[in-house]
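Since each chain comes alone in its own frame, lean on the hints to assemble the complex.
Chains as they are written, first to last, in numbering that gives the first Met the number 0: chain A, 0 to 142; chain B, 0 to 289.
Treat the hints with care, since some could be wrong.
Straight line, CA to CA, 25 Å or less: simulated DMTMM-like cross-link-like pairs of lysine to aspartate or glutamate [stated by the list, open to error]:
#, chain 1, residue 1, chain 2, residue 2
1, A, K113, B, D35
2, A, K52, B, E152
3, B, K241, A, E27
4, A, K57, B, E128
5, B, K153, B, E188
6, B, K161, A, E27
7, A, K35, B, E255
8, B, K246, A, D68
9, A, K113, B, E128
10, B, K195, B, E239
11, A, K48, B, E239
12, B, K241, B, E251
13, A, K48, A, D79
Some chain A residues judged to face chain B by a derived CB distance under 10 Å, without partners named [to be verified]:
#, residue
14, Y47
15, L89
16, S100
17, N104
18, T117
Derived by calculation from the structure, the hints in this document are not laboratory data. From a predicted model like this one, the values you see are computed outputs, not experimental measurements. By construction, the Cβ of each residue, glycine as well, lies at the ideal position given by its N, Cα and C atoms.
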Amino acid sequence: MKNIVFVSLIAVFSVLFSSTASAQCDSELYSNKALKALQPGFTFVKSYKIDGKNGVRKNIEYTCVFSKDTSYMIRMEGKDGGPNGIIAVLYDANRQELATSYVNNRFFPGWTYKCKATGIYYLNFTFKESQAYCGAAVLGFRR
Amino acid sequence: MFILALLLGCGNNNASTEEVSEQVTEETATTAQVSDDIISDILQAIPSPLEISFLIKEVGTKYNSTNLNSVDLLSHYNTSYQQALNLGTYATDLGYANLYGKNQDVLSFLNCVKKLADNLNIGQFFDYETIRQLASNSGNVDALLQLTQQNFEKINYHLREKKQENLSILILTGGWVEAIYLTSLVHQETKNKQLKEKIGEQKLVLDQILMVLEIYKTKPNFSTLIGDLKELQKVYSAVEMKTTIGKTRTVEKNGELIVETETQTVVNISDADVEKITSLVKSIRNKIVK
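Only chain B is shown next, with the shape it has when bound in the complex (with noise of 0.2 Å):
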């Protein structure tokens, strides 16, 4: 507005109605611009629910399928919304499959995910043919983690580049609380420590994502969602992250830059909220998959 103000002040007096107009429609545009920088800004910060995924497998549980998406519910996402939030649970489900090495399940996830991509006419980015070969043999794990960020990497960045992030903050959030949903799970069953912790920091990254679903909240089905996400986010509320500064010092070893630091965090979460966390994303997840 400034800018604005600027312009319309110190132009000349004597310009025309067309002139003022551009210089309007110029300024509306560098806002839309920055807007878009910053939720692109955000949506790449969301961290990949991978990292959730390793965890649950280090704890040392057993795979578990029944945890997982049914496949036999893919006839049954129909709009872009229901697609998209489900290509995100499938994709967590595939990356947690592809981590325990089970391959029939990599491939079953993998047509879905190539269908629902297909119907959002993103499936040109997913690599169907080289995933498939990958997971038909094993002991390719790296590889196939690798390939499929990759992809899904190419799908966002053509999200954004054609002014759909509303689509790319839908597979970010399916992908996400069905990250969250299996760690709970998990949880439940091993009252594990570091889950607990892992289930707590997931209020950060909940922030990030109401943040960037508000900015679409006049479509179709986001409301309700933003609504269920919110019920969460005043559970979390209670959850605290206290961070100790500490020193960093960085040594190289072997022509490496290893950078190690004493700043901790500790999360401070009660069980009963866990439990709370653990109901209430089973609820949102049932709602997303149904």
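One chain only, chain A, in its complex shape (with noise of 0.2 Å):
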């Protein structure tokens, strides 16, 4: 009797472990991925965890400083295949939206803005139409 209590809490264990591992979002396997993405020219500086964790997340928002005279290049990879069901938004300091990576209902892999207005700025990321809720982005700057 004790070994079957035994046997049926390893595999309960076993079960939960596992669902649990697979709800995990590796945002460094997609920042990896991500990087490939980045063109020639730019050099990486940050990269960004998108973790929507299941979906409860809807936002995820990050600030930066952006130099002027810089461009900035930001490239998206997620667990939905590319960039899908992820959208990347860039807004001023003013909360006013400067560039987004959703346009005419395609996902783009990403955008680079050409800043000539050193400043704080906010990186936002959003999911629409996503099954995952993962992924990672990453930036790089060219001057």
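Okay, structure coming up:
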């Protein structure tokens, strides 16, 4: 009887553990993929985790300081495949939208923002028609 | 506090002391979590010193190793405070040497970074062997820069996960001070307008660094560093950054979204203030690397 209980407990824990593990978002995997999509001439500076916690987090935002006379490129990769299901939007300090990766009902892998104003910016990631709610983005710069 | 009041006010009036204390603990934990998120966000926002190093190279100045921190000083750094600050200093020097393809110096700074990282128990995030191999073969500057940046990012993520943001901010501060120190030295020689503006723009970064440092002001040595940086902030208060809002347009070129803007910033900084900043930064940097 003891053995049956023991085996049952192991089975229950195995199922619980595997379901938790599969639900986790391995952002590093996707940031490495996104890095490969960064165009030549752009130098990698930061990566951003886009973990929607299985749909619980709808909105993930990071603050950035961008410098004038510098181009910034965002590249995204997600579990839904490429940039699908994730939208990257850039806002200025006054919350005016400057760039979006979702144009004409199409998910683009990112955008390049040619910055002429040094200041605080907000990099916002949201999900649209996503199944996985998981991905990563990388930021590169070029002077 | 509002949530706490609501919990206490609307809850069962006969709630036991234990139940109330559980509610208080929960509220405190939530507040601490929010605070950690804010710290992480500010740390993440601080730009990489690499952007400044690129500008220094772009201006056309020659590589000058005498401007960089001496590797002989490594043995002087015995406390975690000194080690974290100078890990940042050597990291900026490593990036600078990387950019100029000075492989021998890259290897020397790499050794310093590795030793300090090991002392701080974060050496496992630094892929020393791969970076060493890349540095030994010239022509891998992009790969070198990328891997170095990734390694420092891993270090910062780890420190944040372990609630050691105080070390993270010291690494970032050391790196930033070294970058602005190099910029001001090159500006002294060249009087380059872009470098002058870059020095002025650092007002924003300094504000962010101080915001996080202030959280740890009770930790050993932090108050001296904060005091020094606040002196610098006083000089920076005269620097003006004026932004003119203009139109923004997005164009698609070969499947790429390119966003161009007419919004511009003008940085107004007097020569006298640049001199004051140069002098103050030099003194702060010398205290860090001594």
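A quick look at each hint next to the structure:
Among the hinted pairs, A:K113 with B:D35 is inconsistent with the structure: their alpha-carbon atoms are about 32 Å apart, more than 25 Å. Taking the CA atoms of A:K52 and B:E152, the gap is near 22 Å; set against the 25 Å cutoff, the hint holds. Between B:K241 and A:E27 the CA atoms are separated by roughly 38 Å; this puts the pair beyond 25 Å, and the hint is violated. For the proposed pair A:K57 and B:E128, the alpha carbon gap of about 40 Å is over 25 Å, so the pair is violated.
Annotation: proposed proximity of B:K153 to B:E188 is violated, straight-line Cα distance about 36 Å (limit 25 Å). With a C-alpha separation of about 18 Å, the suggested pairing of B:K161 with A:E27 holds against the 25 Å cut-off. For the given pair, A:K35 sits about 15 Å from B:E255 by alpha-carbon distance, which is consistent with the 25 Å threshold. Distance check on the hinted pair: B:K246 and A:D68 sit about 16 Å apart at the alpha-carbon level, within 25 Å; holds.
Between A:K113 and B:E128, the direct Cα distance comes to roughly 36 Å. Violation of the 25 Å bound is thereby established for this hinted pair. Restraint check: the Cα-Cα separation between B:K195 and B:E239 comes to about 13 Å, which is no more than 25 Å; the hinted pair holds. Between A:K48 and B:E239 the CA atoms are separated by roughly 34 Å; this puts the pair beyond 25 Å, and the hint is violated. Taking the CA atoms of B:K241 and B:E251, the gap is near 30 Å; set against the 25 Å cutoff, the hint is violated.
Between A:K48 and A:D79 the alpha-carbon distance is near 15 Å, which keeps this suggested pair within the 25 Å criterion. Residue-level restraint check for A:Y47 holds (minimum Cβ-Cβ distance to chain B is 8 Å; threshold 10 Å). Look at A:L89: its Cβ gets to within about 8 Å of chain B, closer than 10 Å, so that hint holds up. Of the supplied interface hints, the one on A:S100 holds, with its beta-carbon coming within about 7 Å of a beta-carbon of chain B, less than 10 Å.
The closest approach between the C-beta of A:N104 and any C-beta of chain B is roughly 14 Å, which is over the 10 Å cut-off, so the hint fails. With its C-beta approaching chain B no nearer than about 5 Å, A:T117 sits inside the 10 Å limit, and its interface hint holds.
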